[in-house]
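Asker: Going down the list, the protein sequences come from chains A and B. Letter by letter, the first sequence follows residues 1 to 222 of the UniProt record's numbering. Letter by letter, the second sequence follows residues 1 to 146 of the UniProt record's numbering.
Any given hint might turn out to be false.
[Claimed, not checked] Here are a few chain B residues that face chain A, going by a calculated C-beta distance under 10 Å:
| # | residue |
| --- | --- |
| 1 | Gly68 |
| 2 | Leu98 |
| 3 | Phe102 |
[To be verified] Where chain A lies over chain B, by a calculated footprint (3+ residues, C-beta under 8 Å):
| # | region |
| --- | --- |
| 4 | 36 to 48 |
| 5 | 83 to 89 |
| 6 | 115 to 127 |
[As the list claims (entries may be wrong)] Which chain B residues stay away from chain A? Per the calculated CB distances, all over 12 Å, these:
| # | residue |
| --- | --- |
| 7 | Asp64 |
| 8 | Arg67 |
| 9 | Pro71 |
| 10 | Glu74 |
| 11 | Gly80 |
| 12 | Ala92 |
| 13 | Glu93 |
| 14 | Gln94 |
| 15 | Met97 |
| 16 | Glu101 |
| 17 | His107 |
| 18 | Glu142 |
Quick caveat, the hints were computed from the structure, so don't treat them as lab data. Even glycine gets a Cβ: it sits at the ideal position worked out from N, Cα and C.
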Amino acid sequence: MIPTPDLSHLKSADFEHVYEPAEDTFILLDALEEDANDLRDLQPRTCLEIGSGSGCVTAFLGSILGSASSLYLTTDINPYACKCTKTTGAQNKVPIEPLLASLASPFRRRLRRSVDILLFNPPYVPTESDEADSAQQHADIAGAWAGGRDGMVLTDILLEQVESLLSPTGRFYLVAVKQNDIKGICQRMLERHGLQGEVALQRRAGREHLFVLRFRRQQPAT
Amino acid sequence: MLLEACSLCYSVLYSSILAVLAGMVRLITHNLLACHAKGCTSNNFPLQFQDAAIELRDAEFNADFLRGFLPRIEWPALVGAARQLGDASLPAEQPEMLDDEFLQKLHHVLLEIHVEEGAMVCPNCKHVYPISNGIPNMLLAEHEIG
Ligand SMILES: C[S@@+](CC[C@H](N)C(=O)[O-])C[C@H]1O[C@@H](n2cnc3c(N)ncnc32)[C@H](O)[C@@H]1O
Ligand SMILES: [Zn+2]
Chain A
1 MIPTPDLSHL
11 KSADFEHVYE
21 PAEDTFILLD
31 ALEEDANDLR
41 DLQPRTCLEI
51 GSGSGCVTAF
61 LGSILGSASS
71 LYLTTDINPY
81 ACKCTKTTGA
91 QNKVPIEPLL
101 ASLASPFRRR
111 LRRSVDILLF
121 NPPYVPTESD
131 EADSAQQHAD
141 IAGAWAGGRD
151 GMVLTDILLE
161 QVESLLSPTG
171 RFYLVAVKQN
181 DIKGICQRML
191 ERHGLQGEVA
201 LQRRAGREHL
211 FVLRFRRQQP
221 AT
Chain B
1 MLLEACSLCY
11 SVLYSSILAV
21 LAGMVRLITH
31 NLLACHAKGC
41 TSNNFPLQFQ
51 DAAIELRDAE
61 FNADFLRGFL
71 PRIEWPALVG
81 AARQLGDASL
91 PAEQPEMLDD
101 EFLQKLHHVL
111 LEIHVEEGAM
121 VCPNCKHVYP
131 ISNGIPNMLL
141 AEHEIG
């Protein structure tokens, strides 16, 4: 059992600005824990989490892999989230480097096919597109969930970039809900990008049917 | 009044905690960042440090990590950035022999030099990416996004 990261340094005032870990966070932790041995065997050197929020997920990944075994990078558009991610790293003795950035933008040139573990628990809730646009602009707590049409506005952008970011043995974990069209996502990643996707974990939590999808490069035919 | 005083204490306390715990654009990360402003596609790496305030902090040494990460480093950019921050311990050419002495130096330069404040400037379009409390602001305004 890998302990859930210590978040006792974060107060309710922090969670007015930053997404508080919830069922979608925990299903991602559970999927990573199930894959812990596989992930260690890959000897990841570069891990990147997009939309780190409280920093809970990367801190957890750091305790799976070991704090000095990999570089732990995170991005978030919410400055409070970057601060929380930083302190959560310190609290859990994982040196996390948060950057205030959208998706993987500043890394796209230099991390070409170099990310060993890529994580994204995106704003996946279907909303009006205006709502998603304004949440992105204000970079506040609404940006944690407002996902626009089909809840896919942001995820769609990242999906087009995953192939160029993943290292040859890289893994990409994505949190999604049923309304995001799980089959459609997997099919598209395979046909357009040669990335094989599968459901790592799924469960119902209240009104949400949550999924963790795991992608890797297709094994070359032998 | 009381409330105001409290929130003031809180923010002072909070920022001092952050100053102790937080802060780190390390050179390993700097080596992976390029300017991504609209239309800025060549000579956009490495970003140049400006008014950098640095702190040195011990990090756990892991030779396997260093050996595994080295192929992802752009060597001249790393040497240049380290010199900009006053560290000239790395050789201009990346050595072929990764002996312990070299790995120790590499460890220090990549992982123990933290830039807390200052900025990173694009050598091409001169876009300024500020660093505050060790967190770099790589966001672009909407009209700057490519
Ligand atoms: C559902 S929350 C997940 C937070 C955390 N990873 C977790 O699992 O608890 C989504 C996060 O994505 C961030 N986010 C929204 N738009 C983003 C963007 N364009 N780039 C990076 N992060 C973004 C939000 O600020 C929020 O912290
Ligand atoms: Zn530029």
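Asker: Next step is simple, just say for each hint if it's right about the structure.
Answerer: Hints, one by one, checked against the model:
1. The restraint placing B/Gly68 at the interface with chain A holds, with a minimum CB-CB distance near 5 Å, inside the 10 Å limit.
2. At a threshold of 10 Å, the smallest CB-CB gap from B/Leu98 to chain A is about 15 Å, leaving the interface hint violated.
3. Checking B/Phe102 against chain A by beta carbon gives a least distance of about 18 Å; that is not within 10 Å, so the hint is violated.
4. Counting residues of the region 36 to 48 of chain B whose C-beta sits closer than 8 Å to any C-beta of chain A gives 3, which meets the bar of three, so the coverage hint holds.
5. Coverage of a stretch by a chain is defined here by at least three residues with a beta carbon nearer than 8 Å to that chain's beta carbons; for the region 83 to 89 of chain B and chain A the count is 0, and the condition is violated.
6. With 0 residues having a Cβ less than 8 Å from any Cβ of chain A, the region 115 to 127 of chain B misses the three-residue criterion, and the hint is violated.
7. Under the 12 Å C-beta cut-off, the non-interface status given to B/Asp64 relative to chain A is violated; the minimum distance is some 7 Å.
8. A Cβ of chain A approaches the Cβ of B/Arg67 within 12 Å, the least distance being about 10 Å, so the stated non-interface status is violated.
9. Not every C-beta of chain A lies more than 12 Å from that of B/Pro71, the closest at about 9 Å, which undercuts listing it as non-interface.
10. Taking the minimum C-beta to C-beta distance to chain A, about 7 Å, the non-interface status of B/Glu74 is violated against the 12 Å cut.
11. Its beta-carbon lying about 15 Å from the closest one in chain A, B/Gly80 satisfies the requirement of being farther than 12 Å from that chain.
12. B/Ala92, annotated as away from the interface, keeps every beta carbon of chain A farther than 12 Å; the closest lies near 21 Å.
13. Non-interface status of B/Glu93 relative to chain A is upheld: no Cβ of that chain comes within 12 Å, the nearest being about 21 Å off.
14. Non-interface call for B/Gln94 relative to chain A: holds, since the shortest CB-CB distance, roughly 17 Å, exceeds 12 Å.
15. Non-interface call for B/Met97 relative to chain A: holds, since the shortest CB-CB distance, roughly 21 Å, exceeds 12 Å.
16. Every C-beta of chain A lies more than 12 Å from that of B/Glu101, the closest at about 19 Å, which supports listing it as non-interface.
17. With a cut of 12 Å on Cβ distances, B/His107 falls inside the contact zone with chain A, its closest approach being about 10 Å.
18. At roughly 8 Å from the closest C-beta of chain A, the C-beta of B/Glu142 falls inside 12 Å, breaking its exclusion from the interface.
Going through the hint list in order, the structure does not satisfy hints 2, 3, 5, 6, 7, 8, 9, 10, 17, 18.
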